[in-house]
Structure formats: structure tokens, C-alpha cells
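Undergrad: Protein chains in written order, with the numbering used here: chain W, 1 to 114; chain H, 1 to 110.
Think of the hints as simulated: they come from the structure by calculation, not from any bench. Do not rely on the hints blindly, as some may be mistaken.
To be verified - When the alpha-carbon atoms are kept at most 30 Å apart in a straight line, the in silico DSS-like pairs for lysine-lysine are as follows:
| # | chain 1 | residue 1 | chain 2 | residue 2 |
| --- | --- | --- | --- | --- |
| 1 | H | LYS79 | H | LYS59 |
| 2 | H | LYS59 | H | LYS69 |
| 3 | H | LYS42 | W | LYS71 |
| 4 | W | LYS57 | W | LYS14 |
| 5 | W | LYS57 | H | LYS59 |
| 6 | H | LYS69 | H | LYS57 |
| 7 | H | LYS57 | H | LYS79 |
| 8 | W | LYS14 | H | LYS42 |
| 9 | H | LYS63 | H | LYS42 |
| 10 | W | LYS57 | H | LYS79 |
| 11 | H | LYS59 | W | LYS11 |
| 12 | W | LYS11 | W | LYS71 |
| 13 | W | LYS57 | H | LYS68 |
| 14 | H | LYS57 | H | LYS68 |
| 15 | W | LYS57 | W | LYS11 |
| 16 | W | LYS57 | W | LYS71 |
| 17 | H | LYS57 | H | LYS42 |
| 18 | H | LYS42 | H | LYS59 |
Stated by the list, open to error - Label-pair distances were calculated between CB atoms; the ranges are:
| # | chain 1 | residue 1 | chain 2 | residue 2 | range |
| --- | --- | --- | --- | --- | --- |
| 19 | W | LEU39 | H | PHE72 | 24 to 34 Å |
| 20 | H | GLU58 | W | LEU96 | 18 to 28 Å |
| 21 | W | THR76 | H | GLN3 | 38 to 48 Å |
| 22 | W | GLN80 | H | GLU58 | 40 to 50 Å |
| 23 | H | GLY16 | W | THR76 | 42 to 52 Å |
If you're wondering where the values come from, they're calculated on a predicted model, not measured in any experiment. Idealized CB from N, CA, C, for every residue including glycine.
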Amino acid sequence: DTGVSQDPRHKITKRGQNVTFRCDPISEHNRLYWYRQTLGQGPEFLTYFQNEAQLEKSRLLSDRFSAERPKGSFSTLEIQRTEQGDSAMYLCASSLVLGDTEAFFGQGTRLTVV
Amino acid sequence: EDQVTQSPEALRLQEGESSSLNCSYTVSGLRGLFWYRQDPGKGPEFLFTLYSAGEEKEKERLKATLTKKESFLHITAPKPEDSATYLCAVQGANGQNFVFGPGTRLSVLP
Numbered sequence: 001d002t003g004v005s006q007d008p009r010h011k012i013t014k015r016g017q018n019v020t021f022r023c024d025p026i027s028e029h030n031r032l033y034w035y036r037q038t039l040g041q042g043p044e045f046l047t048y049f050q051n052e053a054q055l056e057k058s059r060l061l062s063d064r065f066s067a068e069r070p071k072g073s074f075s076t077l078e079i080q081r082t083e084q085g086d087s088a089m090y091l092c093a094s095s096l097v098l099g100d101t102e103a104f105f106g107q108g109t110r111l112t113v114v
Numbered sequence: 001e002d003q004v005t006q007s008p009e010a011l012r013l014q015e016g017e018s019s020s021l022n023c024s025y026t027v028s029g030l031r032g033l034f035w036y037r038q039d040p041g042k043g044p045e046f047l048f049t050l051y052s053a054g055e056e057k058e059k060e061r062l063k064a065t066l067t068k069k070e071s072f073l074h075i076t077a078p079k080p081e082d083s084a085t086y087l088c089a090v091q092g093a094n095g096q097n098f099v100f101g102p103g104t105r106l107s108v109l110p
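Produce the entire structure from the sequences given, and follow the hints as far as they go.
TA: In C-alpha cells:
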């Protein structure tokens, strides 16, 4: 396993369109996280899953954002009716629940809304 | 609410000039404190986990230390390839999400 994989790496979309991103975690990791990062800021938590259950969602997360993790494997993050303020790097990370719980990140998806 | 602050915001060093980065945190029971390195346009790369006050971890020119309120990342004799943003994060006792600081942007000049 080569680590966390995200697709696509870059996405340019017009305002109002829907976009979907995919994340494939490290295979033995049962936790999967989504973060958003804007220039000069640290990653901001969006949501996380333990296996297929979505256990926490940021209070700041708009209803236009939805995430799924069917069968506890890969995850998708969908943004509906995109706005210019959604432009950011979307990061996925995975970790174990017990033992060494550090999160390992993918390379991110850079979203630009024009 | 868990919070992380980092200082300085940016740091410029000459090659070989040692220094330290600070991460101050407030958390309701610390499960772990994590240091990451991030290069421009890439995802954060894991460096260290610290679990309890007094713990230290080392990797090449980097050494991370932890007290009950803050962590330091010491960089000894840095090289230009150490230039990156260094992020600090905490995970509280509830073991849920990671809360990140804003990062310190390090530039090492040859």
C-alpha cells in the first residue's frame, strides 16, 4: 500500500456546479478524515468516519457538503452548488483507532471555483 | 474547545543556524500532539507523535519536545531542503478529530 490516494488532484469548476472528490485510505486504517485548507492556514476539520459510520461533522460545514464512505473503504466528498468561497485544497487523511493514531494525508484535491 | 497556536508565523534562517518553533495548545485531555511538514501544493507529511509531557522524539535535524502547555520543534543546523511549513496538531482525549495550528513557514537560505 503506497499511502492515501486522492482523485482528482486538481478541479476547476464553474460556480453553481456540483463536484465530487474521491479518497482511498491506507487499507488497514478504519478512520478517514476530510479537511479543507486555504492559503496560509492550517487544515480545517470537515468530517470523519470510523469504518462506514460518519461520527462527526463540523458545525461550520454547509448543508451543500456531503460525504460518504460506503462499506468502510474509499470515501467521497460532494459539494453541491459550488461557490467561489469553496475554492481551497481538500485533504483526506486516514488513521488507526487504537495504538499509533497519527493521521496520514493524501496529496489533496485543489478546487478552483470560477 | 481545543485550540492550537504556533509561533512565529514565518522564520528565515541561514543554513546551519539552529532555531526552535513553538506550538501552544489547550485541549481537554491530550491524547496526542503531532508535528507535520507541508511542502507547497502537497499534503502534510507526518513527522512525530508526542503523548505525554517530558517526551522527546528525534529525526535527523529535527527534535520535538512536549510540556503540558506547549511543544517545541528544534531544528539543528538546518539545510535549504528543510524549508517548508511546519504544522502542529492535537487530538483530545475523546480521540476524535485533529485540531491544527496555522503553521510556521520556515525558509532556510543557503
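Undergrad: Give a verdict on every hint.
TA: Cross-check of the supplied hints:
Restraint check for LYS79/H and LYS59/H: the C-alpha separation of about 14 Å stays at or below 30 Å, so the hint holds. For the hint linking LYS59/H to LYS69/H, the alpha-carbon distance of about 22 Å falls within 30 Å, and the restraint holds. Proposed proximity of LYS42/H and LYS71/W is supported: the alpha carbons are some 28 Å apart, at most 30 Å. Under the criterion of a C-alpha separation no larger than 30 Å, the hint pairing LYS57/W with LYS14/W is consistent with the structure, at around 26 Å.
For a cut-off of 30 Å, the pair hint linking LYS57/W to LYS59/H is broken: about 34 Å separates their Cα positions. Between LYS69/H and LYS57/H the CA atoms are separated by roughly 17 Å; this keeps the pair inside 30 Å, and the hint holds. For the hint linking LYS57/H to LYS79/H, the alpha-carbon distance of about 19 Å falls within 30 Å, and the restraint holds. For the hint pairing LYS14/W with LYS42/H, the CA-to-CA distance comes to about 24 Å; that is within 30 Å, so the pair holds.
Proposed proximity of LYS63/H and LYS42/H is supported: the alpha carbons are some 23 Å apart, at most 30 Å. For the given pair, LYS57/W sits about 40 Å from LYS79/H by alpha-carbon distance, which is inconsistent with the 30 Å threshold. For the hint pairing LYS59/H with LYS11/W, the CA-to-CA distance comes to about 35 Å; that exceeds 30 Å, so the pair is violated. A hinted pair counts as satisfied when its Cα atoms are at most 30 Å apart, and LYS11/W with LYS71/W qualifies at roughly 26 Å.
A C-alpha spacing of about 28 Å is found between LYS57/W and LYS68/H, which places the hinted pair at or below 30 Å, so the restraint holds. Among the hinted pairs, LYS57/H with LYS68/H is consistent with the structure: their alpha-carbon atoms are about 16 Å apart, no more than 30 Å. Distance restraint check for LYS57/W and LYS11/W: the Cα-Cα separation of roughly 24 Å lies within the 30 Å cut-off, and the hinted pair is therefore satisfied. A hinted pair counts as satisfied when its Cα atoms are at most 30 Å apart, and LYS57/W with LYS71/W qualifies at roughly 19 Å.
Restraint check for LYS57/H and LYS42/H: the C-alpha separation of about 24 Å stays at or below 30 Å, so the hint holds. Restraint check for LYS42/H and LYS59/H: satisfied, since their Cα atoms lie roughly 21 Å apart, inside the 30 Å limit. For LEU39/W and PHE72/H, the hinted distance range of 24 to 34 Å is satisfied, since their beta carbons lie about 26 Å from each other. Our hint of 18 to 28 Å for GLU58/H and LEU96/W holds, since their Cβ atoms are close to 23 Å apart.
A hinted range of 38 to 48 Å is violated for the C-beta pair THR76/W and GLN3/H, which are about 30 Å apart. Restraint check, GLN80/W to GLU58/H: a C-beta distance of roughly 46 Å satisfies the suggested window 40 to 50 Å. Range check, GLY16/H to THR76/W: about 47 Å between beta-carbon atoms, so the 42 to 52 Å window is met.
Against the hints set out earlier in the document, violations occur for numbers 5, 10, 11, 21.
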